[in-house]
Amino acid sequence: DTAVSQTPKYLVTQMGNDKSIKCEQNLGHDTMYWYKQDSKKFLKIMFSYNNKELIINETVPNRFSPKSPDKAHLNLHINSLELGDSAVYFCASSQDSSGSTEAFFGQGTRLTVV
Amino acid sequence: GDSVTQMEGPVTLSEEAFLTINCTYTATGYPSLFWYVQYPGEGLQLLLKATKADDKGSNKGFEATYRKETTSFHLEKGSVQVSDSAVYFCALGGSGTYKYIFGTGTRLKVLA
Chain A
1 DTAVSQTPKY
11 LVTQMGNDKS
21 IKCEQNLGHD
31 TMYWYKQDSK
41 KFLKIMFSYN
51 NKELIINETV
61 PNRFSPKSPD
71 KAHLNLHINS
81 LELGDSAVYF
91 CASSQDSSGS
101 TEAFFGQGTR
111 LTVV
Chain B
1001 GDSVTQMEGP
1011 VTLSEEAFLT
1021 INCTYTATGY
1031 PSLFWYVQYP
1041 GEGLQLLLKA
1051 TKADDKGSNK
1061 GFEATYRKET
1071 TSFHLEKGSV
1081 QVSDSAVYFC
1091 ALGGSGTYKY
1101 IFGTGTRLKV
1111 LA
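In order, the protein sequence lines correspond to chains A and B.
One point on numbering: in the working numbering, the residue at position 36 of the first sequence is 36, and numbering is uninterrupted.
One point on numbering: in the working numbering, the residue at position 24 of the second sequence is 1024, and numbering is uninterrupted.
Keep in mind that the hints were calculated from the coordinates and are not lab data.
Take these hints with a grain of salt, some might be off.
[As the list claims (entries may be wrong)] Using C-beta positions, here's what the derived DEER-type ranges look like:
1) Thr1020/B to Gly84/A: 32 to 38 Å
2) Ser1079/B to Arg110/A: 32 to 38 Å
3) Glu58/A to Gly1041/B: 41 to 47 Å
Everything numeric in this text was worked out from a predicted model, so none of it was measured.
Note that beta-carbon positions come from the ideal geometry of N, C-alpha and C, so glycine has one too.
Just chain A, same shape as in the assembly (with noise of 0.2 Å):
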């Protein structure tokens, strides 16, 4: 049973298109992250959750909107899609919003904007 898992794996898309990307965690944690990873592999946190209320919003463009309908999902919603969001989007959760315990990861979603 995966711990914390995203769709799609993998979505190709053109430039202007809207897309979404899922995440569900099954671990009962309170807290959840959106980060993206370049292709430097240089991770930067996105958005952070805490029981559905928005804690962090990192400088992250308006075309990014993230949606939390419950402490267990965490999706991820893009406008306007621009060839510098490709990237490999990662969902991740913890118990808490401390960051005293670890976080888990999903498997990542590798969006291609062409």
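Using the hints, position chain B against chain A.
Chain B alone, transformed into the frame defined by chain A:
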């Protein structure tokens, strides 16, 4: 702000060689420290962690000790295997920022 600095890669070693990947951090407060490993095409997996000064995390032959005096958390393994080839990330959390901060990653390649 808080940050993590780890050595530039790639690191290329022969099988059974000794591995050290350096990691230093800057943080306010008392963070927890982590090493994650990413195999090709996969997500990040926790390798080991330490939550307070002088703690030693260990797993699968890898070790790292939380050194507050040198703000370091260097990863070591006595004898690497080809299967250890991956990208290794040092990270910190729990410093009051509600996020995990990652180093730039170090790619390790182990040759048979």
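Right, here's what the structure says about each hint:
1. Against the hinted window of 32 to 38 Å, the Cβ-Cβ separation of Thr1020/B and Gly84/A comes to about 35 Å, which satisfies the hint.
2. Between Ser1079/B and Arg110/A the CB atoms are about 33 Å apart, so this pair conforms to the stated range of 32 to 38 Å.
3. For the hinted restraint 41 to 47 Å between Glu58/A and Gly1041/B, the CB-CB distance of approximately 26 Å leaves it violated.
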